[in-house]
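Sequences listed follow chains E and V, in order.
Position 136 (the first sequence) corresponds to 279 in my numbering; numbering is contiguous.
Position 156 (the second sequence) corresponds to 163 in my numbering; numbering is contiguous.
Hints were generated in silico from the structure; no laboratory data involved.
Note that the Cβ used here is the ideal one computed from N, Cα and C, for glycine as well.
Mixed in with the good hints there might be a few duds.
[What the hints assert, rightly or not] Distance ranges between label pairs, derived from CB positions:
| # | chain 1 | residue 1 | chain 2 | residue 2 | range |
| --- | --- | --- | --- | --- | --- |
| 1 | E | 219 | V | 172 | 29 to 37 Å |
| 2 | V | 113 | E | 299 | 51 to 59 Å |
| 3 | E | 275 | V | 40 | 50 to 58 Å |
| 4 | E | 274 | V | 113 | 29 to 37 Å |
| 5 | V | 42 | E | 262 | 47 to 55 Å |
| 6 | E | 312 | V | 172 | 47 to 55 Å |
[Unchecked claim] Heads up, simulated SDA-like pairs for lysine to any residue below, C-alpha to C-alpha not over 25 Å straight-line:
| # | chain 1 | residue 1 | chain 2 | residue 2 |
| --- | --- | --- | --- | --- |
| 7 | V | 43 | E | 260 |
| 8 | V | 219 | E | 201 |
| 9 | V | 110 | E | 169 |
| 10 | E | 340 | E | 468 |
| 11 | E | 248 | E | 238 |
| 12 | V | 219 | E | 260 |
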Amino acid sequence: MRCAVWCAAAVVLLSSARLQAHEIGTTRVAVVLQQRSSYEIEIVTDAAALVEKLEALTGQPPQSEPLPRGAAISQAQLHAYDEVFRRRVVVAFDETAVQSAIDYKVSGVTAATSPPVATIRMRGSVPEGARRLAWTYSWTFATYSLTVRKDGEETTEWLEGGQTSPPILLELPNRPLSRTAIALRYLALGFTHIVPKGLDHMLFVLGIFLLSRRFRQVLAQVSAFTIAHSITLALSIYGVVSVSPNIVEPLIAVSIAYIAVENIFMCELRPWRLALVFGFGLLHGMGFAGALKELGLPRSEFVTALVTFNFGVEAGQLAVICAAFLLVGWYCGNRPWYRRLVVVPASAMIACTAVYWTLERLRL
Amino acid sequence: MKIIRLIVAALVLTAAPLAAHDMWIEPTSFLGDIGKIIGLRLRVGQDFLGDPLPRDTALIDQFISIDSTGRKPVYGRDGADPAGLIHVAEPGLLIIGYQSHPKPIVLPANTFNQYLREEGLDAITELRARRNQTNSDAREIFSRCAKSLVYYGTPTAAQGDQAVGFTLELVAEKNPYTLRAGQDLPLRLTYQGRPLPATLVVAMNRANPTAKMTARTDKTGHVTFRLQQEGIWLTKVVHMVPAPAGTNADWASFWASLTFELKSSGTGAAAK
Chain E
144 MRCAVWCAAA
154 VVLLSSARLQ
164 AHEIGTTRVA
174 VVLQQRSSYE
184 IEIVTDAAAL
194 VEKLEALTGQ
204 PPQSEPLPRG
214 AAISQAQLHA
224 YDEVFRRRVV
234 VAFDETAVQS
244 AIDYKVSGVT
254 AATSPPVATI
264 RMRGSVPEGA
274 RRLAWTYSWT
284 FATYSLTVRK
294 DGEETTEWLE
304 GGQTSPPILL
314 ELPNRPLSRT
324 AIALRYLALG
334 FTHIVPKGLD
344 HMLFVLGIFL
354 LSRRFRQVLA
364 QVSAFTIAHS
374 ITLALSIYGV
384 VSVSPNIVEP
394 LIAVSIAYIA
404 VENIFMCELR
414 PWRLALVFGF
424 GLLHGMGFAG
434 ALKELGLPRS
444 EFVTALVTFN
454 FGVEAGQLAV
464 ICAAFLLVGW
474 YCGNRPWYRR
484 LVVVPASAMI
494 ACTAVYWTLE
504 RLRL
Chain V
8 MKIIRLIVAA
18 LVLTAAPLAA
28 HDMWIEPTSF
38 LGDIGKIIGL
48 RLRVGQDFLG
58 DPLPRDTALI
68 DQFISIDSTG
78 RKPVYGRDGA
88 DPAGLIHVAE
98 PGLLIIGYQS
108 HPKPIVLPAN
118 TFNQYLREEG
128 LDAITELRAR
138 RNQTNSDARE
148 IFSRCAKSLV
158 YYGTPTAAQG
168 DQAVGFTLEL
178 VAEKNPYTLR
188 AGQDLPLRLT
198 YQGRPLPATL
208 VVAMNRANPT
218 AKMTARTDKT
228 GHVTFRLQQE
238 GIWLTKVVHM
248 VPAPAGTNAD
258 WASFWASLTF
268 ELKSSGTGAA
278 AK
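My request is simple: use the sequences and hints to build the entire structure.
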């Protein structure tokens, strides 16, 4: 009779834990979501306190004295209470409780006053399409920490025993993108790499534009630049060419400065300018490759992504030239003061900026 | 047997959950020995089913021991369980005391009302009703005032418990280690050093914690329990007052406890 009453009382007591915020105890819980397909929950808690509660809930008379610190609490002892332990632990996906595989381990006692520690691991699969995980642990009266690790991030919050955690959101696994979606994505990435993110590339293209009043001359230079950067972009991505960004980035800044200075001292396009722009295009292509490597390329659509990124870069450059033509070239490109008031001051500003970048990238 | 199972099932299914948890000190041993190191575990829970609380320096107001040589701080490593360690150096009664700083909590109205009922805090229930607060959430600050008595040597009536100066305090007016099962233990309850009357005190034995004894203190703050059983005993009491201004709380509660062991006469420990 006494056991029965004790058992009932234990259930009542343990069910009450959620109602009162208390001091922080020694229990720690960690939830690890792996690839959103499986979960592992690790509970680290005082083994003696847990065994006492398990015994109480099964109607065993309580110990007249606390379990001695050196008491051998074996894994087998915890395993024997497996069914009881599960009653007060809930892992639920979208409000549906799931059954977990459970391992019990008890650490050895290192000193007479150090308590044995139970490490309980619960494992299972995340049901297909599940969106939320909720966790409830009712084997402690104290406040405990719940740490959730997913997507390389870790968050911790404090819960009361018996309290259900706020929903842990599970995003659905990413569906593979279609070829069109990849093409559009990398086209946009290539464009934004120039406008607005690539100020250095924009200034280089403006430098090309400023010296050439004729559309054909601009087209020739831009084409030479495009062909060149396409070559090194592809070669770098495939690993055929590999030059350190510590070399490439300062040289890109030098190329901008050179173009701008030449704009100041040369009035007409010289034949070697095309070759020079081609050479600088090779440099810029290696710069684009570095950016593209950081963005990452999908294995399944490697060529699609590479080609569309390049098109995006090209579209960005053409957008810069069109904007410059509409702003200044169209109206004042043939004015006598165009070179004195537009080309030279703008080129000087570009040159100063590029020299500054050169020094900055050389960490001087 | 079937009837008992039915009773148990009914209790489990219909019992209202308890709203408050006790805190007590559980030494790794209540019997000292010269040179022995005793771990002092702080426990939070109900009816001797508790969870260990690691040492939290930020929460400790006082953590002390008093023996025949005087009062000393109890040392320990922050975050460690047991929260404190003491070295038994002198024979006699060793008084362990832990008082926490107030800790804030907000409880929903139903939970708070239930907790007041369970702890016999009728005066607060009436006060809330008069203030039309019965259906309001309660902002509370709670403090722990736990004591434990550890003994070494031949107990004498002269070696008794003493007030250590906690805000709410249970003081054993007889040395429990001089008592046998079936004898009375008189206790004195004080709040801010003055006797606290008409307050519910609970006593329970670790081997049978559901068989609680309850009594209210008299006008002089005294209450007496007949300890029918050997083993580890917990006596506890909760007192609540309106929270002082500036605490950002409505109520301040104090949770006092006293743990000790009543030895069997066979061990010789209970001889006067």
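Quick one: which hint numbers does this structure break? Sort them smallest to largest. 1, 2, 5, 11, 12
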